[in-house]
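There are 2 protein chains.
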Amino acid sequence: MAIVGLGLIGGSVALDLKNKIPGVQIIGVDMNERHCQMALALKIVNEVKTIEQAVIDAELVILAIPVDALIKVLPIVLGLLEPGCTLMDMGSTKSLICDQVKYHPKRGQFVASHPMAGTENSGPGAAKEALFAGHTAVICEAQKSHPAHLAHVENLYDILKMRLVYMEAKEHDVHIAYISHLSHICSFVLANTILAKETDISTIFNLAGGGFESTVRLAKSSPEMWCPIFAQNKENILFAVESFREHLNMFYDALQSEDCSLSFELIRTANGIRKVWSQ
Amino acid sequence: MAIVGLGLIGGSVALDLKNKIPGVQIIGVDMNERHCQMALALKIVNEVKTIEQAVIDAELVILAIPVDALIKVLPIVLGLLEPGCTLMDMGSTKSLICDQVKYHPKRGQFVASHPMAGTENSGPGAAKEALFAGHTAVICEAQKSHPAHLAHVENLYDILKMRLVYMEAKEHDVHIAYISHLSHICSFVLANTILAKETDISTIFNLAGGGFESTVRLAKSSPEMWCPIFAQNKENILFAVESFREHLNMFYDALQSEDCSLSFELIRTANGIRKVWSQ
Chain A
3 MAIVGLGLIG GSVALDLKNK IPGVQIIGVD MNERHCQMAL ALKIVNEVKT
53 IEQAVIDAEL VILAIPVDAL IKVLPIVLGL LEPGCTLMDM GSTKSLICDQ
103 VKYHPKRGQF VASHPMAGTE NSGPGAAKEA LFAGHTAVIC EAQKSHPAHL
153 AHVENLYDIL KMRLVYMEAK EHDVHIAYIS HLSHICSFVL ANTILAKETD
203 ISTIFNLAGG GFESTVRLAK SSPEMWCPIF AQNKENILFA VESFREHLNM
253 FYDALQSEDC SLSFELIRTA NGIRKVWSQ
Chain B
3 MAIVGLGLIG GSVALDLKNK IPGVQIIGVD MNERHCQMAL ALKIVNEVKT
53 IEQAVIDAEL VILAIPVDAL IKVLPIVLGL LEPGCTLMDM GSTKSLICDQ
103 VKYHPKRGQF VASHPMAGTE NSGPGAAKEA LFAGHTAVIC EAQKSHPAHL
153 AHVENLYDIL KMRLVYMEAK EHDVHIAYIS HLSHICSFVL ANTILAKETD
203 ISTIFNLAGG GFESTVRLAK SSPEMWCPIF AQNKENILFA VESFREHLNM
253 FYDALQSEDC SLSFELIRTA NGIRKVWSQ
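Chain order of the listed sequences is A and B. Quick note on the numbering used here: the first sequence kicks off at 3 and runs consecutively. Quick note on the numbering used here: the second sequence kicks off at 3 and runs consecutively.
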């Protein structure tokens, strides 16, 4: 197996595969030399190669790189692929990525996917076992992948103990704008608002309860990963932020006009989110 | 000890006190008969009494009720207090509460405080051990409490393993608007935005990663607790929401105009929140 990108996601996949598949050989690829050395030192990968070398021997090539690099690298790697080898990505956006290889002669060897797991940390040092277990992986445009390659990827996600969901790329990007990308924007904006107000960081530390910690946790996420995601899913995200802004204004107006029954109702509606976990 | 309000906070205090102080007798008070029965069944309290009866025997009376009830109940209970008995509150707002007893002849027996801990659940069934350990408790207007009563409350928070911070009530309410109340509003608004878009709750469940869970967790919090907090800290909260709205607009504009260097910078600034935990 070859893993391109030895950050949080690629590193965590490697750890699980080494634990679950006896004798598996994992070839790591990363432009960042320090990441390569760390991945070797942490025994996340067996060896490190260039992308051209890695692709020759691999049965499965996993692209776990930021989505701006992904749209450039994906068609190239697909072009290099030996017959029988499966290529998959793990990017957080899907439309632009699928479009990139829509007419590629080897499209059937590629499976577009998005494992819905992560932490606010990055790099091979952030890799952890069982990061994916119990979460969902989305496979997009499954009908465009050859059944054998699709089965290969389904089997991989089974090893990572992920639930599988299938949808079209456009559909994925709309839902994910609301359910994942908007959460990150809220967290970044919340952190910026608090940091602008509280010039003494110790005040925040002193008053930070569990609620603060959980809402600003995502604000630690790296701009290298998130700027390209926001750029690629721009239209959907702008709609989501506009809708958020309208709901925020409604809340603001209820507080300002001291309309307690309306603010009660707005909170009661928000409580409906409990249903997500009580299915 | 008498605990008025047998919800998450009052119940959790009782559990810790029973564990840490051998032989302590805890009298519970709650208007909700079902809460009283649950607290007895769960052995959170030794007995249940009316507030008038509870106050007679107690050395320490803890008010752990929503802040709208608190401003009404506090002056009455303070009036009922025997000499030598300490009264403390655990409300999330402090200015209005302190104002309520500013000229009360027994003001010295009261200690205004706010333990910065909680979960999104409520009621005696949500009570848990060590809820407070490692978090901060704020004591407000300490100079208005008699030193013996202040020491009594400081000792209680020491038993709960909380760090103590002292500030004026107005100062507390400003900071807490940004660090706690705004987080809750973001979470409620985020939940409402997502629920308005995603009519099929299973889509949210399927796509919910860890980031989604941590940002919307607070949206499960009860309106009975939060409406009165928002009403009592209205002015500070409106300022905080206005500032959040400005930072959100800045983010939106950066995305819309595809100003990648600005959005990178905004995320990099938000990453500064890491300093809170690396002090």
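Hints should not be assumed to be uniformly reliable.
What the hints assert, rightly or not - The calculated lysine to aspartate or glutamate pairs, modelled on EDC-like cross-linking and capped at a C-alpha distance of 20 Å, are:
1) A:K199 <-> B:E156
2) B:K172 <-> A:E200
3) A:K20 <-> A:E170
4) B:K163 <-> A:E215
5) B:K236 <-> A:E131
6) B:K236 <-> A:E200
7) B:K222 <-> A:E237
8) B:K199 <-> A:E170
9) B:K199 <-> A:E200
10) A:K199 <-> B:D202
11) A:K236 <-> B:E237
12) B:K199 <-> A:E215
These are computed hints drawn from the structure, not numbers from a lab.
So, going through the hints one by one against the coordinates:
1. A:K199 <-> B:E156: The given pair, whose Cα atoms are some 29 Å apart, is violated under the 20 Å limit.
2. B:K172 <-> A:E200: Given that 20 Å is the threshold and the Cα spacing comes to 15 Å, the pair holds.
3. A:K20 <-> A:E170: With a Cα-Cα distance of about 31 Å, the restraint between K20 (chain A) and E170 (chain A) is violated, given a limit of 20 Å.
4. B:K163 <-> A:E215: holds (19 Å)
5. B:K236 <-> A:E131: violated (45 Å)
6. B:K236 <-> A:E200: holds (19 Å)
7. B:K222 <-> A:E237: violated (29 Å)
8. B:K199 <-> A:E170: Holds. K199 (chain B) to E170 (chain A) sits at ~18 Å (cutoff 20 Å).
9. B:K199 <-> A:E200: violated (34 Å)
10. A:K199 <-> B:D202: violated (38 Å)
11. A:K236 <-> B:E237: Given pair K236 (chain A), E237 (chain B) is violated - Cα atoms ~34 Å apart, limit 20 Å.
12. B:K199 <-> A:E215: violated (26 Å)
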